[in-house]
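Work the whole structure out from these sequences, hints included.
Respectively, the protein sequence lines represent chains A and B.
Going by the working numbering, the first residue of the first sequence is number 673, and it counts up by one from there.
Going by the working numbering, the first residue of the second sequence is number -14, and it counts up by one from there.
Simulated from the structure, these hints should not be mistaken for laboratory data.
Just so it is clear, the structure is predicted and the values come from calculations on it, not from any experiment.
Any given hint might turn out to be false.
[Claimed, not checked] Here's a subset of chain A near chain B, in silico, CB distances under 7 Å, partners left out: (1) P680; (2) L715; (3) G735; (4) Y736; (5) E767; (6) N771; (7) Q773; (8) G776; (9) P777.
Cβ coordinates follow ideal geometry from the N, Cα and C atoms, glycine included.
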Amino acid sequence: DAGITQSPRHKVTETGTPVTLRCHQTENHRYMYWYRQDPGHGLRLIHYSYGVKDTDKGEVSDGYSVSRSKTEDFLLTLESATSSQTSVYFCAISEIKYNEQYFGPGTRLTVT
Amino acid sequence: AQSVTQLDSQVPVFEEAPVELRCNYSSSVSVYLFWYVQYPNQGLQLLLKYLSGSTLVKGINGFEAEFNKSQTSFHLRKPSVHISDTAEYFCAVSDFQAGGTSYGKLTFGQGTILTVHP
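This is the structure:
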């Protein structure tokens, strides 16, 4: 298994509070991704990173920001959580040539 | 822009029967194709991939898939399923530029829930 961990694994928070999810890899892969998974929607890309301090938006980036200060860590921040952001969040990594991505175990976030 | 359609949201099947999970894609450029499996409360695991060469690719757990460029399809098959194959399966596509390097994004289908009954 690829060395990817996510923390926390479960979180319940209230509407309007800030939340930060962490993805940590030990594979030294250049590319990292954040997805959300919702029933009937598959996985949708939120943001991705193609290097330290290099990030770009995905298809559902509104309400989310990311940061990558080290190769191994990719942070996803919800500045002011809303109930629509209740979801399961997955981090993934890849070596870009074929874009074969490896996924972390996920974080289940509930916004009440 | 690329897109992926998984034609069945749920597929029930009896143990030891064959199964096919259907996937169609659209893209204006060449593509790499993937199938992932997700067991309950777990992350996604790569099942198999098509990058180039033979259009029939074999993956883990006895699964295989066939790339059909004219039909823009990448259907997943297994000749005899087991209870342990019960999971959600995702087809994904990544387009690439000349030279083989991907643009860096993977587009997923909506998923197919395979339920294997005894």
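Query raised in the report: Which of the listed hints are broken here?
Result: 1, 3, 4, 5
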